[in-house]
Amino acid sequence: MSQPNERKRKTASENEQASTEEDNDTKSAPRRKTPARRQSAPAATKSKKAASGIGSSTRGKILVTGAAGALAQHVIALLKENYDVIGVEFRGLQTDYPDTVDYVVDFNQWPFEDVFREHGFMGIIHLGRIRFTQSTRNRRYSANVVGTARLLRLALKYGVEKVVAMSTFHVYGADARNPSLIDEEYPMRAANLMPEVVDAVELENLFNIHLYKNPELNITILRPCNIAGPGINNEISRMLAQPVVPCLFGFSPLMQFIHVEDMADAVVRSFERNHPGVYNVAPDDYVAYQDALQLAGCRRLFLPSVPPALARRSVRALGRYAPPDYLIDFFKYAVIIDGGLFARTFDFTPQHSLADLLGHYRAHK
Amino acid sequence: MRTRQFLKPRTVGRDVDQLVDALPKHNIGTQGYDPWGLNPDTAKITFTAVRWLYQNYFRVQAQGLEHIPGEGRLLIVGNHSGQLPMDGVMVSFAVANKSENARLPRSMIERWFPSVPFLGNWMNSVGGVIGDPKNCGKMLEREESIVVFPEGIRGSGKPYRLRYQLQRFGHGFMHLAMEHNAPIVPVGVVGCEETMPSLVNIKPLARMLGMPYFPLAPLVPLPARVFLNFGKPMHFANDARNERDVEWRVEEVKDAIRDLIDTGIAQRKSIF
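Note that the protein sequences, when read in sequence, are chains A and B.
1 is the number of the first residue of the first sequence in the UniProt record's numbering; add one for each residue after it.
1 is the number of the first residue of the second sequence in the UniProt record's numbering; add one for each residue after it.
Bound conformation, chain A alone:
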């Protein structure tokens, strides 16, 4: 282990020099393909001992992907107390990124490796994923699956010791025959039920292969329920923030919500307490969709639910004010996951109640 690490440190220091020169060069250049370092990141870790910080108070360096997201900002705020954090973002071409983003780089491009060369990461928290409503299916697949495959190859190459990856409960798929309290062994039926979300299932499969093939990466995969709260911009959160929200006539599936701060706590716990595996993350509390809308101060817009083709068409007609039509079954059938294993393994109890969480949306109307 020491030999590759020496090589890594050398490469990182050489690269840091190159990177500084590059930064100077690009001040005048409007666009660049190399990693766009946005601000001065903490210096590379000096030794292997310093790099290995799992479960100890020793500082190590962590790569957090999707660093512009609200969840990542909470995670980074928690991690900064004990670790050096490098935030990387690959989504979109925004003009203004939050301070948590150190690099803007596509995982599929060669310059991404420079970030690994420059910093001796001991851990990766992979939160960056293009959501279902963002971009096309092919683009999502390329960024989420192919990009993550590269991330994992680089993690192996540069001796990363801990990886936490964010998946989603959507991988179970929504179906009338789903049992309640779905546990981690339940098949990921989304690939069969809704091919549009196949990238989420493939992403999980990829991590699962590495989980068993490369145990030295200590991969922990988290499958959270609906994440909501301040700053979150996913489908369900966006809808709760709307004054009028569509719902299907005669359907009010049971749902679970987790507050973004609780989810950030779950991510940090799973990073610090090293128990590799796949875990659902959800509170042991439930609310029907239409009740949630009313608690969030939304007015309901009833859409026809039968025949299914008419329901899909009416959802499509509402555009961004409704979920994408291929996710419509998540608003018809309950997908309740069992977060018990995660709660027991990581001693996790959510601090925010459902009333707190939905009250946030009501207060902002």
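To be clear, the hints were calculated from the coordinates, so they are not data collected in a lab.
Only a predicted model underlies this, so the values are computations on that prediction, with no experimental measurement involved.
Beta carbons are placed, not taken as given, at the ideal position from N, Cα and C, and that holds for glycine.
Every clue listed holds true.
Far from chain A by the CB rule (all over 10 Å, computed), these chain B residues: (1) His235; (2) Asp239; (3) Trp248; (4) Ala256.
Label-pair restraints from in silico Cβ distances: (5) A/Pro304 x B/Arg168: 38 to 48 Å; (6) B/Arg241 x A/Arg177: 25 to 35 Å; (7) A/Arg139 x B/Trp248: 51 to 61 Å; (8) A/Gln109 x B/Leu7: 55 to 65 Å; (9) B/Asp21 x A/Arg153: 51 to 61 Å; (10) A/Glu216 x B/Leu7: 57 to 67 Å; (11) A/Pro304 x B/Asp245: 45 to 55 Å; (12) A/Arg153 x B/His180: 41 to 51 Å.
Here are a few chain B residues that sit away from chain A, every Cβ distance over 12 Å (derived from the structure): (13) Leu53; (14) Glu71; (15) His175.
With chain A's structure known, arrange chain B on it following the hints.
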């Protein structure tokens, strides 16, 4: 939520309110739902109607309720009949309406119910859950009691000429009982066959509507008297060597249910 808030004070009497409040509800969350969708307020509204049906329409007579323990995991296994799951509703209400050690057993419903607007949500909110072994296993782990009809649609959808003839039992309930060390209380249901006698199953219509069967039967249940006879708890160790062993144990439960059906038929003086 608003519909419940509107209906509850207008329909629910104090006795039903107290009855549901007294039931153990240890899996209910802060918003009044358990993981399977049970909602006590909806249950109260529904029980107001069910109680009238139980006492005045079907005039249910239940014997052997002392065999149902007040707590702990339990499978209540019975014969299925009557096209609609009225037998499950009556068995559940009988146990919830006990003078001592009352509890609300969960009824297994067919897998297509959740796909029907309103009906799926409503059945979940009064205690119905789809008949999935994983669901059953999780509920037993959480010390719930479950009403199971192992005949499934073979029993409920059978024509009147096959009344009180037990159809093939699935083995799933026995595997669950053995794996989770849950006692089985057999129940013989008499009278539900006559609530909705079916002459024939119109299969093409059922296929077209995506239903498991479409009976040629009365449009509303007939007011037949219903007799429920609960037997003594049966315990099965988790030591079956093969499926043949399981089959023998299933036959033991079927024999117990047959005896309880015979008892119910003997008790009945008239159908209506």
